[in-house]
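Student: For reference, the chains in residue letters:
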Amino acid sequence: MTEVLMRANSVSRHFGALRAVDNVSLALARNEIHAVIGTNGAGKSTLINLLSGELPVSSGHVLLGDREITGWSQPQRARAGVGRSYQRNNVFLPLTVYENCRLAAQMATQRPWRIWESAGHCSVSRERAEAALERTGLTEVASRVAASLSHGQKRQLEVAMCLATQPSVLLLDEPLAGMGPEESERMLDLLRNLRDGHAILLVEHDMDAVFAVADRITVMVNGGVIASGAPTEVRDNEEVQRAYLGEQV
Amino acid sequence: MDLTTFLIQCLNSVQYGLLLFLVASGLTLIFGIMGVINLAHGSFYMIGAYLAYTLASYTGNFALSLLIGIVLSVLFGYLLEWGFFSFLYEREHLLQVLMTFGLILVFEELRSILVDDDVHGVPVPSWLEGSIPIGNNMTYPIYRLFMSGVCLAIAVAMYYLIRKTRIGMMVRAGATNREMVQSLGINISLLYRFVFAGGVALAIFAGMIASPVSSVYPGMGNSVLILSFVVVVIGGIGSVKGALVAALLIGFVETFGIVFWQQAAGALVYVLMAAILLWKPEGLFKQGT
Amino acid sequence: MKRYAFWIWLVAFALAATLPLLPPPIGTEFYIALGTRILIMAIFALSLQLLVGYTGLVSLGHAAFFACAAYTVAMLTPEYEAGNGWWLVLASIGTSGLLALVIGILVMRTRGIYFIMATLAFAQMVYFVFHDFAFFGGSDGTYIYFRPEFSLFGWQLVDLEDLNQFYWFTLLALLITVAVLAQLLRSRLGHAIVGIKYNEQRMRATGYDTMAYKLASFVIGGMFAGLAGFLFALQYGFVNPEFASWHQSGNGLLMIILGGLGSLPGAVLGAVVFELMRVWYQDLTEHWQLLLGGTIIAVAAFMPKGLMGGFSGLRLPHRRFARVKATAPAQTTATTVMQPQEHA
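Chains as they are written, first to last, in our numbering: chain F, 1 to 249; chain R, 1 to 289; chain V, 1 to 344.
Treat the hints loosely; a few may be bogus.
As the list claims (entries may be wrong) - Listed below are several chain V residues computed to face chain R (Cβ distance under 7 Å; list not exhaustive):
1. I113
2. M117
3. M277
Claimed, not checked - Here's a subset of chain R near chain V, in silico, CB distances under 10 Å, partners left out:
4. L110
5. I132
6. F229
7. G266
Read the hints as simulated data drawn from the structure, not as lab findings. Beta carbons: idealized from backbone N, C-alpha and C, even for Gly.
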């Protein structure tokens, strides 16, 4: 029943002798939030980079649906429906919130040769941008310059820009980073909302958040996976407790 | 081409390459460590040549001129860093390009005012005159061997300095990771000033010892600068080893290029650069090597 | 200010068109020729602005395309009669565009400082090709004895040999350049290009093939530089390798910094101010390069935002079509953050 949208098969990434990601396999299914947790340096960000295409794998395969996309560049994957948000705010600071989303949405109808058409008039990108803004609750600040937003709003914009491209897979890198409790709740609501129709990979540090929304959890330590399964399973897993949760108690 | 001619051209290539290395190593270190792109680096070479000319006219003694020149150039480099270049460090590349471009114009005109715009020769010192025989009927100028020897000695000295001393370690560290060195509390301004003065002195010195061979003329800084850039692009920014390899490579390409296909010789070096850029867009060697 | 941009341009062009008709001492040969040169340099500056100010690609080799077009028209113009203007302008722009494509493909993989140095080095290569091959006339260059003819169905549209008409012809070329670039920047291509300047990584993550866009910008910039080169060659009647010198490229950069990066009027303003300054300095002293060098340093050090930087900051020249539901007042001046991108 679960349709797997994106899959990593035994992917590894080496930097010289350092195995940043070591033989990791996971599957992202539609209508599912799959969280990846682990200590600092566990390889979570590298894993996202491998899936999004920013870094090439040293070995292993990445599949989108049935398609082998291991050799695909990042723009190619993005056009095929893989969206990504960044841990640090990576928006277009000089542009307004609306312009940010519109530019992101434009990727679907790039048509660079149509110079006589004004970008602002593109109805497709306009609609998608407005929809993304609506979904993330940013409509009210649409005409504010991105640089003037609060940190939490910028994180929302990160996600909005991701949504504007109407991806089927969302790779979210610590969307809650630096957020206070209220903003975190809002973001979590958004994530629960987004689950419908999308396959979501959520890399996060905030344990409460992860257990609140995740359908599956994968735990990484030193580049490798030590546990993967439903939240209750993972919570009860001794090795996980020892390696990660245990340190917090 | 017979063996003797080949040997001579090889000697020329090495001499040319080593000279280029002197100039380019300063450029690559200044860029690698301080992050400053310095278009005026070629002007130092020109300054060196004109300096040799003026000092030689005054003192009549080449060796003495060299010595005085070295002292003056270190001082000059020190003051220049303190008064001008230290303001460039955190600026965008575009602004650095413009400011150093303006500096070139200023240097050219100052030279024009202080010395002149003419072409000059600098006499080879008497104790280095003459040539040694090579093969059956060819000879090679002793002075050129002297040049190669001096450049090689300096290259070796640089190797020891960079690889085996504490200062060298700081230089290498700075070339690999500028911010880290700063946060380690090393007196970064002093390091920068040292590196800069060194780079300037190397370029000026190169101009000085090259002057008897290449003569002294207004545009001489330009071609050296561009070639130095090519050396840095091919060798890799911040890599002294890369600068050496690239400079020698260019020396051979240019020298043999002129022999075989004179018209295209000027463009040949850029073809080489294009080829290497396609293969390795960041140069042959990594920063800090 | 943005709303009136169109009208300000219109007025400026109208005023500029009256130059040859003004009474002496302004409407004389010297000033008309100077005016023509300024217009040509404005086109050159605009072409560089697309690359540097809007895409974030700092090129130190833009003069190569300027020279390429100039040499094309010089080599293709017949010796004893006027050439076909349509063919010549297309050929000139075409060859410079082609050269930009080739060089662009080679340098686009480099980033930051490597990009700057690589563009400089390739421009030097072009310089050497023009300088060393006798085919191009060597260091002396080549002459153009007859300006080309632009005619339609046997009717001569304009007599370029006439000083005034050549001025208006150049003014028209500038008008076309401004119009095309302005529209380009308003289009999807333009937005994508500026997005790359602001944050290339994000553009890639969103699904844009940034390499292709940067190359497009490079080629378009190269073609307009070619247009400038074509006109410059015609104005002076000769071409020589110095057209490709890095002094020319450097002057271009100074013009756009002076006027203001990321601004079309800034590029034009910068060209005007630069040329006037150059003429003034040359009048003052034979060591005018000293003054020029000092000015360049001062501008880069103290006025990095240029003249337009004082007026409108660094906004995109495009209208926001935000259909805001709330009644938030539209933002006018942005606190612009010019992010120096390492992909420069």
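Student: Could you work out which of the previously given hints the structure breaks and list their numbers from low to high?
Tutor: 3 and 5
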